[in-house]
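Make the complex out of the two chains shown on their own, each in a separate frame, by following the hints.
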Amino acid sequence: MGDYLSESEQLLEGLLADLEALGASVSDDNPGPRVHLINRIFRAAHSLKGLLGMMGLDEVRALAHKFEDVLDALRLGNLALDREVASLLEEAGAGLAALVGGAARGSASGQDFDQFRELLASIASRARQPKPVARAIERLGLSDRERALLSKYERSRIRANLSAGRSFYSIAAGFDRENLEEQYRALTSKLEELGELIAVLPASGSAPVNFKFILAAQLDAAQINKSIEPMGALAEQIFAPKPGKQKGDQTGLEQQSLRPLSKSVQVELAQVDEISGLAHELYIETKRLSALADQMMLRAGCGAKERFELLQSARRIERDYLALEERLVELRMVSLGQTFWRAARLAERLARELGKSISVEMSGRSTQLDKMIVDRIAEPIYHVLRNAVDHGIEPPDERRAMGKPGRGRISLEASLEGTRAIIAISDDGRGIDPDQVRRRAIQMGAIASNQRLSQKDTLRLIFLPGFSTASEVSAVSGRGFGLDAVERTMHELGGEIRVSSQKGRGSRFELIVPTTLLMISAFIVRVVRWRYAINVGQIEELIYVHPGEISGRNERLSINWRGMRIPFVELSQLIGLEPMIRHDKIPTIVTRVAERKVAVAVERFEGQREIIVKSLGKLARKIKGVVGATDLEGGDVALVLDIPSLVLLKGMRL
Amino acid sequence: MTEKKRSKRSRDLRGGLIGLRAEEASADSASLLLFSVGASQFAVRVEDTEGVVECPPISPLPYPPQRIIGVAGVKGRMTLVVDLSSGSSQQQRRRLILVKGDAQLGLLADRADRVIAAKPEQLIALDQEGRWPARFQLEGYGEPVPVIDVELLAESI
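Protein chains in written order, with numbering that gives the first Met the number 0: chain B, 0 to 653; chain G, 0 to 156.
Here chain G stands alone, though its shape is the one from the complex (with noise of 0.2 Å):
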């Protein structure tokens, strides 16, 4: 797919973000999406994703790689859903964050919360070996919240 066509796309189906409260961003902010998987929250870039959908009903793979717990379609494409929680029940996940890429994946969310724009010193660089595919967390609301890598993501399952 051209990048014309990918950024056409992100711009229909992120009429899903719709609803949300967002943040104006500035020229040196970065957006992102917060949202919640049970008692935990993350962010993820906002430029990462296609958009926020009502989860349909996901297949259970056979062998599924780590953190992935099935497949549902959206849109015509088949997205390998990523469950980032410590292995709750995923019966109340109700939104999956779709995001770009050729991994084809969605998050699985309890809710997505807002859209907020962070400044560049609210943004802390993680170590390595940190427990998410994170880069780096986002601090200034309330507990750090892991900003979700979608490179990192898709190298890690």
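For reference, chain B alone in the conformation it holds in the complex (with noise of 0.2 Å):
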């Protein structure tokens, strides 16, 4: 099941981009199909109904079905391509691809099939009927029995193609047994490249398989017959359009090859872990080689020369590995684009049936990410997603007595700064009442009713657990993933969640991650006998405290950095180890936790690092505050820690 939904996955993918670059495709000037664009969607989309049916998900198989139907139609040029019809086959693409994937979670609900269904019948409708070819193929001088054996489409393609006024030509071709396919194959790429091949027919000739290929092109016999004549094929002018009647590419037509472009193989994400582990392991090997190497050789009373080949060699290897594992790093790598989509798509849905308006504007599709930050960030884009359109987005009438569009403006962005992306989800609603944030937080006993938050911090309320109001639940009843859920997800992938917004004007929220997890930049620390990495996006600073400069009692310690007073705790709490020893300067790291400032102090620094951060296995989710481990020299090991998780987990007060 594994491999056919991943290769489903693909296969949506490249669905999805060609449908958004079929819809681009469609303008004023150029209102026909793009013929080879079209065929590869309707070959995807037949290929991902073949897969579905060995998933076993054959009511969705049975929907892809009724999809391909409406391609076909497309393709046979009886469902005309405008905006609309374009906009609706994204949408029908996207839906598509939410279906696939709610079918195999085991989430789809029999609306969502419904509103698939009838979203194609909507589709669907806008077709007309075929016009009838007959007398088109009857121009070209083929035989009964010939004309018998076209297909509909082939019929289709010689129509559009009479249109656009482009000549055709019948090729005979004689192969013999032993490499046929070959000779075959040679062929068929030739006459691909020359114009569009519409129909391969049987024929009969000298030679052990003979065929008739018809090709329609713009070129004339003596140029094909240069091309094929080496091959042992002839090429003959069957018809001519009239002079002043080629339309050149009015059509949209382009002479591609319809064959598949894709020149990529699947792999699988623990091959790719399986290979750095590998690698890693040669690396470490190879070190331990080069000391004991470089031991011996002093005891013979190598000369220095020789010490520095040797050492030149690890060096060399040393920047061969991590340029290994920067590739392997990007082979995980995905772009936001399918997320972004199915968020946009459900995002539509919601309103229309919410009764409002909104049109969703995405920009960073193409921001790459390692797979499984993608896959673990789509919840959390989507939940952020739903609240803008429930609680955000006012309903028409509102917006315009307001002075607003009646239609609400979402945006999806990405983009990168530095090792970490930005995925900001704003929108023009009502914005976020602090006041009533406020008075919902002090109803939970979560502030006191005398107590003053600045905006910002009165903002990060809406990030505690259970905190919703009941129009929020209803919202997003049944989804199981609250804000307070979405920010803990940040932390496990060692990011974080911010919120800006105004009343009256709209609101902004940030969901910051890295963009790998496998080979990051990490600090690593001492504390009692063991060591541990910190991921160094995690770390604002570094500083010694004096334990002079520390104040407080018991838990609630903090220390003065940069003129304000910030929370202060051991690591060796966080993690549940015995006391640090103290000296005169405590190495201490001021990290961030929720957009508040803390400082954690450990025994001792030991440096930056590239680390491969490798994972715990399946249960690692059961796993809280720490987010992998890495090999250090000497086989330790040092667990990456996530440190706002561990701050949160032991309930200090920030």
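Treat each hint with caution, since some may be false.
[What the hints assert, rightly or not] Simulated restraints, written as ranges between beta carbons of each label pair:
(1) G:E154 <-> B:E609: 30 to 38 Å
(2) G:D101 <-> B:S414: 33 to 41 Å
(3) B:Q607 <-> G:E154: 34 to 42 Å
(4) B:A484 <-> G:E154: 57 to 65 Å
(5) G:D101 <-> B:A400: 50 to 58 Å
Bear in mind the hints are in silico, worked out from the structure with no lab data behind them. Glycine included, every Cβ here is placed at the ideal spot set by N, Cα and C.
This is the structure we're talking about:
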């Protein structure tokens, strides 16, 4: 199932991208369909249908078949492609992707299926009856038998090429049985370069196997024969358009191969991890070998030159290893495109259900992140977007009364900042009311009624577990994913979530995540007997604290940092070890937790380095405060800590 | 990882079983590795293991799930170390039995005793409420020996 699902996801990604390209190709100047795109989309839908059958997702398969029918109508010219149809097709593609994912997880509802059926019916209703093509084919001078062999698609392509004013050629070719496949492929490849290969018909001839190829092209017979005669084929013109009737590429026909363009292979994430692990083992052993060799050379009295050469060789291996790891990291990267597409379609559907009108603008879809991060961040994006549609965007009448356009605007943006990605979801809706938030927090007992908070800190209260008004629950009921879970997911990924809002103007949520979890810059620290790694993205500053600078008692310690009091805690306390030994200068990491700063003391700083974060396996989700582990020299393992999670798990007051 | 590659790796790591006395297995018997944890003895199907190694240093986890005491790096893989004992000191534990599967588990042991060929009639089904993650216990080797079910173990964590 995993293999089929992975392949389905790839097909869907390509299909969605092609649907978008198809939509973009529709313009007033070029109203016709893009043949190669439509064929590719049709083939993807057909392959997907097959995979769905393999996965036993019969209901989705049946709908994929209907989608295929719609695409067939498009490629046969029975469904005109205009902007509206293109938009509906994109929506259908995203809807199919959502259904496949939902059905695979067992979470697709009857309503989801019904909505998709309605969408397909709406598109199919726009198809017209096919025009008769008999007259057109008669112009080619094919025999009755040959005409009977033509498929519906081939007939439609003949009509389209005739309308485009192209010449038609009949190419006779014979092949011997031993090299049939190779020779056949060579000729058809060449013909596809020269024009559009419409049909391949059986023929008689002197060779053991004979075919008649029907080609539509803008070239003349001499040009075509120059290319194919060396292959033993001969072209004869069977139809020439009247002079002045050639319309060039008016219908958008492109003389491109119809063969799949993909040059990629499928690689399992686990395989990439395994290769990465083996590469790292090789690297560690090489370092040991080079250290041993150096010692032996010393004992053997080898000169500085030999030892230098050994050192150089070890350095080259280290560089090559790092380059290999970078390539392996790149293998895991996928774009946010499909996630954004699904999110946008989900938002549009929700808006329709709520009687609201929205436009979703997307940018940065090609931003690439580690696949694991993209998979984990999807649900938080959907949740924030649902909130924006449900609670942020006002109904059209309310918006107009406020002087806003009736259609709300939601934007999904992704951008990179160094090794972090920022995914921003913003809306121009009613914004978050800080007074309402404050009242709710007081009601929950989260803050005292006389406690003063800045606007920023007030907004952060919405991430408290259980913080929701009755209307929020109605929107997200059954989803099981509150804003506190969104924040937790961000922390688990080594990131954070920020919110800004203006009452009446809108809100903006920023989900900030590392681009990869596999290879990161980390700072190694020692606490008691153990070493730990901390993502440098989580470190604001490294400082040394004098014991006299620590004030407070028990678990309410604090220090002064850049003019403000921030909480102070020992890492040993956060991770449940015995107390650390304190020296005159306490190495301390200043880190960010929920937009607050916290000082975390360790016993020793051991420097920054690039590390490979290794997974803790499928039970990793049950392990709190740790995102993975890394091998250190000497066979030691350093846990890669998620400091913000550990601080929150400890229940520290910030 | 494909099944072919996984079984190749298993054969390589099963070098860790060298030195253990092994009974000849027949077609209908199950190869079980017997190991000791403190005063208790346990068994695990050999086909569920990837080898027995000297236990490397274990890094303790801050909020460990039940039965997990920490993480050890073995042959490039991060292994969650499972302690089946009832809380007695882990200092003497010198062996780690690597378990197959995505859960990346390793069973902490004092020693790996031997590999036996258990006949079907020696494996008695346990009720679901048993103390250990085991569906069967082995009889005929002194006290009944729980046969650790690695899937049940992963689910119980």
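Evaluated hints:
1. The supplied range of 30 to 38 Å is met by E154 of chain G and E609 of chain B, whose beta-carbon atoms lie about 36 Å from each other.
2. Against the hinted window of 33 to 41 Å, the Cβ-Cβ separation of D101 of chain G and S414 of chain B comes to about 34 Å, which satisfies the hint.
3. Checking the proposed 34 to 42 Å range against Q607 of chain B and E154 of chain G shows it holds: the Cβ atoms sit about 39 Å from each other.
4. Taking 57 to 65 Å as the suggested C-beta distance range, the pair A484 of chain B and E154 of chain G does not conform, at roughly 23 Å.
5. Checked against the given bound of 50 to 58 Å, the beta carbons of D101 of chain G and A400 of chain B, roughly 56 Å apart, stay inside it.
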